[in-house]
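J.: Each chain, written out:
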Amino acid sequence: MSIKVRYFASLKETVGRSEDELESIAPLSVRDIWRQLNPDLAMPETLLAAINMDYVSLDANVDEGDELAFFPPVTGG
Amino acid sequence: MSIKVRYFASLKETVGRSEDELESIAPLSVRDIWRQLNPDLAMPETLLAAINMDYVSLDANVDEGDELAFFPPVTGG
Amino acid sequence: MPIKLCEQAFNPWKEIEAYQTQTAELAGKHGATAVFVGTMRDFNQGDGVRSMFLEHYPGMTEKQLQHIVEQAERQWSLLDTLVLHRIGAVNPDDTLVLVAAWAVHRGDAFDACRFIMEALKSRAPFWKKETLVSGQARWVENNSKGYQSK
Amino acid sequence: MPIKLCEQAFNPWKEIEAYQTQTAELAGKHGATAVFVGTMRDFNQGDGVRSMFLEHYPGMTEKQLQHIVEQAERQWSLLDTLVLHRIGAVNPDDTLVLVAAWAVHRGDAFDACRFIMEALKSRAPFWKKETLVSGQARWVENNSKGYQSK
Chain A
1 MSIKVRYFAS LKETVGRSED ELESIAPLSV RDIWRQLNPD LAMPETLLAA
51 INMDYVSLDA NVDEGDELAF FPPVTGG
Chain B
1 MSIKVRYFAS LKETVGRSED ELESIAPLSV RDIWRQLNPD LAMPETLLAA
51 INMDYVSLDA NVDEGDELAF FPPVTGG
Chain C
1 MPIKLCEQAF NPWKEIEAYQ TQTAELAGKH GATAVFVGTM RDFNQGDGVR
51 SMFLEHYPGM TEKQLQHIVE QAERQWSLLD TLVLHRIGAV NPDDTLVLVA
101 AWAVHRGDAF DACRFIMEAL KSRAPFWKKE TLVSGQARWV ENNSKGYQSK
Chain D
1 MPIKLCEQAF NPWKEIEAYQ TQTAELAGKH GATAVFVGTM RDFNQGDGVR
51 SMFLEHYPGM TEKQLQHIVE QAERQWSLLD TLVLHRIGAV NPDDTLVLVA
101 AWAVHRGDAF DACRFIMEAL KSRAPFWKKE TLVSGQARWV ENNSKGYQSK
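In the order they appear, the protein sequences are chains A, B, C and D.
Going by this note's numbering, the first residue of the first sequence is number 1, and it counts up by one from there.
Going by this note's numbering, the first residue of the second sequence is number 1, and it counts up by one from there.
Going by this note's numbering, the first residue of the third sequence is number 1, and it counts up by one from there.
Going by this note's numbering, the first residue of the fourth sequence is number 1, and it counts up by one from there.
Hints are computed from structural coordinates only; laboratory data are not their basis.
Hints should not be assumed to be uniformly reliable.
The following residues of chain D were derived to be distant from chain A, with all beta-carbon distances above 10 Å [said to hold, decoys possible]:
1. Asp42
2. Gly48
3. Ser122
4. Ala124
5. Asn142
Sample of chain A residues at the chain D side, in silico, Cβ under 8 Å [said to hold, decoys possible]:
6. Ser10
7. Pro44
8. Met53
9. Phe71
10. Pro72
11. Pro73
12. Val74
13. Gly77
In silico DSS-like cross-links for lysine-lysine, where the CA-CA straight-line distance does not exceed 25 Å [to be verified]:
14. Lys121/C with Lys29/D
15. Lys12/A with Lys29/D
16. Lys29/C with Lys129/C
17. Lys29/C with Lys12/B
Don't be surprised by glycine CBs; every beta carbon is placed ideally from N, CA and C.
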């Protein structure tokens, strides 16, 4: 089991990837995962995150098997 | 010159007429005209009035040549 | 800002589509369209309704609707509006009223459409007389006075 | 309460008409339909826009729209709703979004339509990338954070 991480829209271009796969042993928060995967990239102030397609705060815990997504403010409609 | 008075909807049925023609010498208010034309009929509490197709209060003065209309609350839409 | 009183049944969606298509200035310019359609129900205040008659005050109706639309155009930033209202004999499922507002931004379209509709309900001189399934006829009552004369 | 993501251009008025016609339960029962249609403009933030790409998060988009519509159905008395949103490559004057709400009374239809639209703007994971007339491409920015994570 592992954690799947996805990036969308302008954030995908900024990080230069659309997906990451993360093997973790220790419990990690959304914020921890960002830092681990993007150590040289400050978290955007307006960053949004979702676990399994529901919005979560950056302090939420991510479990094995979760799909975590990072994206900028939405602009639909 | 004279004043034309019109009635609409349920009020037309209540007064039993759709129009009156009034010759007046003295200056009259909307309320005066109702009383003169319908002496036996109390003014409905919710009565609306228009002079020349604009809403007016019951104390407004009516001039020769005006079209005065009485009607109940509107129910369009 | 066309305002029309219709003696015949009309299809509100076809009317909007046709108006929008013929109004070249809207193409590519409007970001937002807010629409309200009022439809005759077959049931009102606990009774089945068979048909309805929409009486109006010719001349005053158009004048008041014109005032209302002009007021909306002063208050919000609008590209165009369309107001259609049925008059005369109507049947359940017939469209009674259509109000559409086009704007660059959605706030203006939403607010203006709602304002026009609420103002129409309280100020435009229309009166509904229902014929119930029982055969009885009755005027629809408006419990609020609507337009408040000062 | 259909919710659809459309890869092809659609005509919002024909979609509403078709849906309403096929939904027999609405006939004679709904007194009020409130509709919002969002359309792509050929101009944004001072620049001519040639085309646009609507990216979305497949799965989450549908899930969030479903949440939003269910929330509206709990909050207002609705007979039905319809939500269509375009995805992929779009051109000026194309419809981007259609929200319709059917109710017995107009207050419910108006409020629910607006709520769904505002919630969609702040919570549904869509992102617009514009290609300007100059050839330059840019992501449309949302100055408000929109969804507030607690």
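J.: A separate judgement is required for each hint: does it hold in the structure or not?
T.: Hint check:
no. : hint                  : verdict
1   : Asp42                 : holds (17 Å)
2   : Gly48                 : holds (19 Å)
3   : Ser122                : violated (7 Å)
4   : Ala124                : violated (5 Å)
5   : Asn142                : violated (4 Å)
6   : Ser10                 : holds (4 Å)
7   : Pro44                 : violated (11 Å)
8   : Met53                 : holds (4 Å)
9   : Phe71                 : holds (6 Å)
10  : Pro72                 : holds (7 Å)
11  : Pro73                 : holds (4 Å)
12  : Val74                 : holds (5 Å)
13  : Gly77                 : holds (4 Å)
14  : Lys121/C with Lys29/D : holds (20 Å)
15  : Lys12/A with Lys29/D  : violated (47 Å)
16  : Lys29/C with Lys129/C : violated (41 Å)
17  : Lys29/C with Lys12/B  : violated (47 Å)
This entry does not satisfy hints 3, 4, 5, 7, 15, 16 and 17, going by the numbered hints stated previously.
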